[in-house]
Each structure stands twice: as C-alpha cells, then as structure tokens.
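The two chains are supplied separately, each in an independent frame; assemble them into the complex guided by the hints.
If you're matching them up, the sequences are chains D and A in order.
Residue 0 is where the first sequence starts when you use numbering that gives the first Met the number 0, and the numbers rise one by one after that.
Residue 0 is where the second sequence starts when you use numbering that gives the first Met the number 0, and the numbers rise one by one after that.
The set of hints was computed from the structure by calculation and includes no laboratory data.
Note that the coordinates shown come from a computational prediction; the quantities given were computed from them, not determined experimentally.
Some hints here could point you the wrong way.
Derived BS3-like pairs: lysine-lysine, alpha-carbon spacing no greater than 30 Å straight-line [unchecked claim]: (1) D:Lys134 to A:Lys123; (2) A:Lys63 to D:Lys62; (3) A:Lys157 to D:Lys134.
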Amino acid sequence: MKNKIMTAQEAVARIWDGATIMIGGFMACGTPEILIDALVEKNARNLTIICNDAGVPGRGVGKLLSNGQIKTLIASHVGLNPEVAQRMNTDVPEDKLECILVPQGTLAERIRAGGAGLGGILTPTGVGTIVAEGKQVINVDGRDYLLEKPLKADFALIRGSVTDKFGNTVYNGTTKNFNPLMATAADYVIVGTCEIVEVGAIDPNHVMTSGIFVGAIVGGEKPWQI
Amino acid sequence: MADMRDPKEIIAARVAKELKDGDVVNLGIGLPTMVANFLPEGVNIILQSENGIMGMGPAAEKGKEDVDIINAGAQYVTVNPGAMFFDSATSFGIIRGGHVDATILGALEVDSHGNLANWIVPGKMVPGMGGAMDLVVGARKVIIAMQHTQKGAPKILKECRLPYTAIGVVDMIITEMGVMEVTKDGIVLTEIHPDYTVEQVQAATEAELIISPDLKPMV
Numbered sequence: 000m001k002n003k004i005m006t007a008q009e010a011v012a013r014i015w016d017g018a019t020i021m022i023g024g025f026m027a028c029g030t031p032e033i034l035i036d037a038l039v040e041k042n043a044r045n046l047t048i049i050c051n052d053a054g055v056p057g058r059g060v061g062k063l064l065s066n067g068q069i070k071t072l073i074a075s076h077v078g079l080n081p082e083v084a085q086r087m088n089t090d091v092p093e094d095k096l097e098c099i100l101v102p103q104g105t106l107a108e109r110i111r112a113g114g115a116g117l118g119g120i121l122t123p124t125g126v127g128t129i130v131a132e133g134k135q136v137i138n139v140d141g142r143d144y145l146l147e148k149p150l151k152a153d154f155a156l157i158r159g160s161v162t163d164k165f166g167n168t169v170y171n172g173t174t175k176n177f178n179p180l181m182a183t184a185a186d187y188v189i190v191g192t193c194e195i196v197e198v199g200a201i202d203p204n205h206v207m208t209s210g211i212f213v214g215a216i217v218g219g220e221k222p223w224q225i
Numbered sequence: 000m001a002d003m004r005d006p007k008e009i010i011a012a013r014v015a016k017e018l019k020d021g022d023v024v025n026l027g028i029g030l031p032t033m034v035a036n037f038l039p040e041g042v043n044i045i046l047q048s049e050n051g052i053m054g055m056g057p058a059a060e061k062g063k064e065d066v067d068i069i070n071a072g073a074q075y076v077t078v079n080p081g082a083m084f085f086d087s088a089t090s091f092g093i094i095r096g097g098h099v100d101a102t103i104l105g106a107l108e109v110d111s112h113g114n115l116a117n118w119i120v121p122g123k124m125v126p127g128m129g130g131a132m133d134l135v136v137g138a139r140k141v142i143i144a145m146q147h148t149q150k151g152a153p154k155i156l157k158e159c160r161l162p163y164t165a166i167g168v169v170d171m172i173i174t175e176m177g178v179m180e181v182t183k184d185g186i187v188l189t190e191i192h193p194d195y196t197v198e199q200v201q202a203a204t205e206a207e208l209i210i211s212p213d214l215k216p217m218v
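Bound-form chain A, shown alone (with noise of 0.2 Å):
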C-alpha cells in the first residue's frame, strides 16, 4: 500500500534516524526543523541555533513568547535547561570548529562530488548565505534534506549549475525516494522507498547513482 504520508514527513522521520543520542544539531529553516518531531524514544539531542543559543527547546507558546529569544527563522523559541546564550562569533566558533554533529538543511542543487548550492540563484533570487557556508564546511556531517526534484526537475546532478555553498561537503542525502551517501566514487542509494523502483529514482537523478549491493528498505 502506498505510503500515505506527506513527502517532507517521510523525508524528516527517515533523518531523524541519523541522531544519536547527545549529538550536537543545527536545524535548517523548513523541512529540517521538522526532525525534531521524529526522535526515537531515547534519542535526545541538543539544538544549535546559530543566531547565539546551545540548548534550544520547542516553539513558544502563544502568550508565553519571551521577546528575547528567537530562533535563526525569527520564531519564539524556548530553551532547555542547561542551555547557553552566545554571541555570533562564538555560535560560528562552535560550527566551523567541529563542535557540530550533524547539520541538516535543504539544497537547490547537490552533486555527485558532494558539492553544495543552496544559496544563489543569479539574477532571481539573492536572498544571501546566511550561516550556511560555514555549517557545511564545519559541521561533522552535513545531511541534504530535500524533495528529491524541483517540479520533476532533477536536483541531484552530476555537476552543480548554480554557484556552489561548498564544495565536497555533503555525506549524505535523503529524499521521499531513498537513502544516499556521497562516497569518493560517486552517490551511493543504500536505501530505497518502497513505493519507487531503483529505475524510477535513477529517472528523477541526473547523477548516476551507484545501488548498494545492501540496498534496502526505506522506513
């Protein structure tokens, strides 16, 4: 029976399986923000909010904002107990030096090597990096969270089009098709959707995908 579920669902559950317990997270704007409903049991991770906090907790209720406290898309959030606040050289401190576990964000392009565009359309949409150049180049390991294409079109290329975020950064990319993994010889499917064929998500890749001889269910 078809998986029922809405794709940026299925793509935040299956990411979510990447956390261990302890690991040090930045979380994206959008479908990346929606991990941290997906926790399994015992899994708790710990929040990176790169406009200064260590430690955040949910959105605030309404009525019970502290007008002091934003996340990186400028919601209210809350905080944890034995969170920290700091400010921006030390919140970019903490990513480019390696203190991050894992960074998971969107992408308009990715590519066979791992490199990364994400942030430029030129002459359409400029909307700036932000902090994203500098978690993919610093966190452990960069998760691409994405819908596997953009209106049919392919998202995952053999080459970037667009200006690169960073190049070789990604490890792994995980859609409402599969489960990838960026190896020196190219993209690797070690897991895929039980709705699609391996020749169904090769149609919607421009890279040529290596199929794990370990392929397996996507759950």
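Same shape as in the complex, but just chain D (with noise of 0.2 Å):
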C-alpha cells in the first residue's frame, strides 16, 4: 500500500500558485486548520476557495483572506468575516477579492454533482432572485428550476476525526459538514485528521469518505475551539 501519511508542508507543497481549492468547515468547524497553516506558510497566491463561509479572522479560510492569498471566494455567507467586505471594496488592485455568493444547499449539491458526474443539477432554490441571472430556467412538470452547473476543484483540503492509513475517513459531530462532499470532487484530497490508525481499525459500517478518494494524510489536527 502506497504511503500516504506525510507532514502539513509535504502535503501543500503541490498546490500551484492560482489553483482552485475546496476547503471543508462550516464556521471553520471542520476546516483542516493545519492545512490552512501549511498553505499560508508557502503563501500560494491568487487562489480559487470554495468553503460554506469566509471563516473568522484568524480562523480557517479567514487566515488565507489576511494573508491576502484568495483571488475569488466561491461561499454562501462571508458576514462573520468582515475582511471580505473590506476587500471586495478595495482600491488597492492586488487586494482586491472576487465574492460569488452561492445559496448554501446549492453550493453543496453543485460539489456533489462535481464528485458524481453529473452535468448540473436542477434546484427550485434562487428562481426569481439575482441567483438566477445568466441561468438557464428548466420547467419540469410545471415549475421552474435552475440550471446550476457541477463544481469541481484541483485540491480539497478536508478534515477528519479519525483517519486509517488508507485514508477512510470518519467525521464527528457537525465537522462532517462540505467534508465528505469535497473529498469526491477535486483531483487530489489532503486530509488533515486528529487521530491516525491502521487500516482495518475502522468498521466498514462506519467509514464516511472512502480512502479511494484520498491522497495525503496528515496527522495533528486539534479539536475545533471558538
């Protein structure tokens, strides 16, 4: 079995300047903070990130945001992170951050339909709203959907609870969140993880994102704290 296991700064080492990533969390709750870390450390710039929402200052995607590291933020709330605002109003160019606000049930579903092979799906969510604009509007069986098309990312960076050497992932609690979506839907998955063990460790029944999926292991993650 390949050896997956390998330290923050290894695993993000790939991760190219203007690359698009997902990173899992809600309110940084479940975001891989030692990935995040790793990140700004290299201070990749001019980053794609899809996440739930911008985090807090100093906390989760909210570390990339100061480090001035995102160009364009894919979420659906960014309201708790009053740095995005400060910096989709900027007058200085390089600072300057793209926000696309995206409903939260369909930011999740398009990451699915990403991870799924799916050409889009069809959501009754944003029909008459500025959602809409510049979407095509499908009426099945008497009433209008969205056309809201599948979104996918070069790397994912999740976190899990519990992790074996393979890569099958478990997730506690309210962590789970975008995780297991995201884990399907980019070309190569780091999974920062609070306990490492052996495969065969975690019942199959249990399992929530297969190893197939997952590309690095990094150990270390701490439990969430506000």
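Here you go:
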C-alpha cells in the first residue's frame, strides 16, 4: 500500500499559484487548520477558494484571506468575517477579492454533482432572485428550476476526526458538513485528521469517506474551538 | 394593562403556538431561536440545524461542550437521543425535499405577495444568503418572526424593494402587533395584540391589510 502519510508542508507543496481549492468546514468547524497554516506558510497566491463561509478573522479560511492569498471566493455566507467586505471594496488592485455567493444547499449540491459525474443539478432555490441571473431556467412538470453547474477543484483540504492509513475517514458531529462532498470533487484530496489508525481499525459501516478519494493524510489536527 | 414583556418574547411565544408535536423545525438565528423556550406543554419538536443535525438539543452548558457539535450560528449545542448528523448535501436535501415542516426566520422586508427579502442590502450589507434561500423554498411552512417595523419604518410592504430571497414563499408573519397570514388576495390580519388598534397596525404597515372578519386577540 502506498504511503499517504506526510507532513502538512509536504502535502501542500504541490499546490500551485492560481489553483482552485475546496476547503471543508462550517464557521471553521470541520476546517483543517493545520493544512491552512501550511498553505499560509507556503504563500500560494491568486487562489480560488470554494468553501461554505469565510470563517472568522484568524480562523479557517480567514487566515488565507488575511494573508491576501485569495483572488476569488465562492461561498454561501461571508458576514461574520468583516475582512471580506473590506477586500471586496478595496482600491488596491492586488488585494481585490471577487466574492461569488451561492445558496448553501446549491453549493453543496454543485460540489456533489462535480464529484458524481453529473452535468448539473436543477434546483428551485434562487428562482426569481439575482441568483438566477444568467442561468438557464428549466420547467419540469410545471415548476421552474435553475440549472446549476457542477463545481470541481484541483485540491480539496478536508478535516477528519479519525482516518486510517488508506485514507478511510470518519467525521465527528457537525465537523462533517462539506467535507465528504469535497473529498469526491477534487483531483487531489488532503485530509488533515485528529487521529491516524491502522487499516481495518474503522468498522466499514462507519467509514464516511473512502480512502480511494484521499491522496495525502496529515495527522495532528486539533479539536475545534471557537 | 399594557404587555410588559420584551417584544421579542411576545413574538417568540406566539410563534411557538404554531408548532405541533412532532414537527421538524428549522429556527433561524436570533429571535427565532427563542421560540424553543416557549413550546406549550406536551409539544415536542425535532429541531433541524442546516449545518448537519436532526434532533438538536439545547445550548451546551459551559464546561460540558462537545467541540465537534455546533449549530448554524456557531454555538456549541447538544443533541437529543435519536439525533443524527449528516453532511450538507443531505441536510439541504431534507430542506428542499419538503421534509422540514416549518422554518422560522427574520426578514428585512416581506410583501403582500409573500415575497421575502432578508439577505442583502446592496452597497451596505452583503453577508450572503447562507441557507435562507433553500429553507424558504423547501420548508412546508414559512413563518416570519420579526418586529413589525425597523425603527418605525414599515417592513411589511406592498412590494419588496430589496433583492428577493425568494418569491411567493411566506405563509405567515408574526410581530409584536399581530398575526398575519399571506393569502392570494393579500395579507390578512387574523390576530391583533391587545395593546394596539387596527388603525395603529395598518399605520405601521405599508401593504394594505385585509382585516379578518374573525379577528382575534393575540395572546
């Protein structure tokens, strides 16, 4: 079996400037902080980040934002990180952030579609709102739906609670959120995990993400704190 | 004698009476969260939290938090026996699929067609819609729980002026002044708080209210 265990620095070494990266978590709960710290250290620039929210300053995706590494942010909610608005409205061109807001359920389903080989999804969410601008409306049996296209990424940084050496992963509680979806929708998936165990130690009934999706495993993830 | 309760408590207590035993309910952040404190005796509801919980319990006690369990407002919470955690696609499948009986949330504006605006004030506040667009489109009943005006300015309008969260989704509006139902003919005032007259409620409302022939006191 190929060794997937490495340091956070080794795991993020292959992330290039301009890459598209999915990052798990909901208000930084279920966000792999050690991988984000390593990405801040590596200082990859002009990133497109796909995540539920912008975290808070100094936490989760907020660290990448503070370091000016994000060019485009695709998220459902950014209101708890005032730095997003500052960077969207700045006159300094190299600090300027493009923020694309997507309804949370649509974001989840577009990522799922990206990982599941679908050409898009039809959702009633956003019909008649500015979210519908520029999108195809398809009527099915009398109801209007928006065609929302799949989302894919070069990398996904996800956070596990327990991961075996093959990459099979369990997420505790509400740390699950976007993590298992993103694990399917990126070319290279890095798991930052709290505990690494031997293959076979996790009951197959409890595995939430199969190791087939996982390229790299990094231990040392800490429990989440507000 | 005037009602001395905080207007938010008046609203939350009245909203709680709309819920039936066994309902699956999603509560928004702020005032809607208070509804859980006012459920009538014998009414147990199942709280859904869109970040991935069915069967959410009360806030966690200080010192007893499970750091892996938060609600959609990023507060540590507990879960009840029989709860389930799930990913965001499953969570919004539950919401969009019509498996949530009621969602209770606030609004910036609601209009006489049941249109809702609660996620953006262009040029001022761009927090993002989060799960609100999915919730109001998917939940079986949408109850808006809010103070009747914003510092005296009406929030219940003929037509929303802010960008929509969704169109034609609001079923009911509950404020400190009364209870209103959105019908195809417009907004019907069905209950009025005893501290106010119909004229006062209409004066605080831009949309023209239809007064129910069966108008009751809001208690």
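Each hint, compared with the structure:
no., hint, result
1, D:Lys134 to A:Lys123, "holds, 26 Å"
2, A:Lys63 to D:Lys62, "holds, 28 Å"
3, A:Lys157 to D:Lys134, "holds, 28 Å"
Of the hints listed earlier, there is not a single one the structure fails to meet.
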